[in-house]
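Chemist: Sequences and hints are given; from them, build the entire structure.
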Amino acid sequence: MARMRSSFNRIRFRRRRNAVSERKVDEGQKLQAYERKSLRLTSQERELLMGDDTISGDFGVTGDMTTAEGNAFSRRPLDARLTWSMAVLEQGALYTLKTFRKIKRFKPPGVTFIAFNSNPKKNRYNDIHCMDKTRVILRNHSCDYIHANWLTSFNGVKFICTQAPMASTLSDFWHMILQENCRTIIMLCQLEEDNKEKCVRYFPEKAETPFTVDNTVVTLIKQTWSEEHGIMTSVWSVRCKERVFEVRHIQYKKWPDHSAPSDTVGAVELHREIRNCPKGHPIVVHCSAGIGRTCTLIGVELLLEQSRWLNYYSGRSIVKTMRRSRLGAVQRAIQFLFMHYVLLDLFCKEKLLNSDDVRLIQFRNVYDQLVKESNKLRLQKKKKKKAEPKAHENALEEGRTQTKTTSGLKVNAD
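Sequential numbering from 1 applies to the sequence shown in full-length UniProt numbering.
If you're looking for bench data, these hints aren't it; they were derived computationally from the structure.
Hints are supplied without guarantee of correctness; some may be wrong.
Computed Cβ-Cβ distance ranges for the label pairs, DEER-style [as the list claims (entries may be wrong)]:
hint, residue 1, residue 2, range
1, E205, K107, 35 to 41 Å
2, K107, R272, 29 to 35 Å
3, W225, T152, 29 to 35 Å
Predicted model only: the values in this text are computed from it and were never measured.
C-beta atoms are modelled at their ideal positions from N, C-alpha and C, and glycine is treated no differently.
Modeler: Quick look at the structure:
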């Protein structure tokens, strides 16, 4: 009996071993078939097929990824910036653009807007909310509310993201500058865009004409314009009672609303300005609403900080992080793509990437096409909005005419 049981166990073991071997062979054949199929796909299609986990995890552990240039990822540790760049270039601009869809409507849970709802006259846009948790609180002022939020980078650099000043918030804006001891203001919009006011003038235009609000007097010391960068740099002397200090104002004029610049020249210069800002002083950044252009620029800084570490975040994680401080950060997919484009260009200037890389050239070309298309759609939308009131007026006028005609017919019929 014992001998029969032993023989039976040996037979059962052999069957199990053969089944495992057959399963391994079958899985190996499937894997080979999948690899043959993936080789026929473009790099962008391959990444879409495989999922986007390659940019959402830790890049400290590098695997093997074969690219057109050879083996981009080796088993030895690489510079995290290079690893990040290779992943973005391999995936391509279109893929990066599409990943924004997953976070476009992301909103952190549990946010409240009590101060925002209590001060409607101090909000430039009714649909751009200012969350209570991170808002800048004004002290010793007539009202403690201003549409501004704190956003701190991973390295501890403090930013204040705010909407452009309004006539009703000029006093609040300069009170915030004085209270928080700010030395740098970055302005990413113009006073007027597309015949619409985007920002009230809160600074002097000429040296001989100081700008005054409450007890604060702002005087222009010097001003320079860079045509190459599209940046106007001003130095102001700010005096409030016995207190006197200088503020550096940097205005970038080539960034259209709800879109992105056509090149990275200005953004790279702004990055240099941010790096040279005095330590220990918050940097005020604003566009019109204070979420699109503003947070795209700050997103470049956060993404750059993380890309220097082995356990860095993806672009989507950066946007989510910013939205936990400033709701609605980075409005458009093209702005999200621009964040990545600026980093790639910075790494080229640092000689980390080869500017002649075929994938980088392709990334630039696709970006250029997308920006043109984005601007084209934006203009079409504006024309449509302009045409709508006229069409509405014509419809009303036509309705009045028909009513009169109908009324006349009724009278005649009687």
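Chemist: None of the hints should be skipped; say for each whether it holds.
Modeler: Results of checking the hints against the structure:
no.: 1; hint: E205 <-> K107: 35 to 41 Å; in the structure: holds, 39 Å
no.: 2; hint: K107 <-> R272: 29 to 35 Å; in the structure: holds, 33 Å
no.: 3; hint: W225 <-> T152: 29 to 35 Å; in the structure: holds, 32 Å
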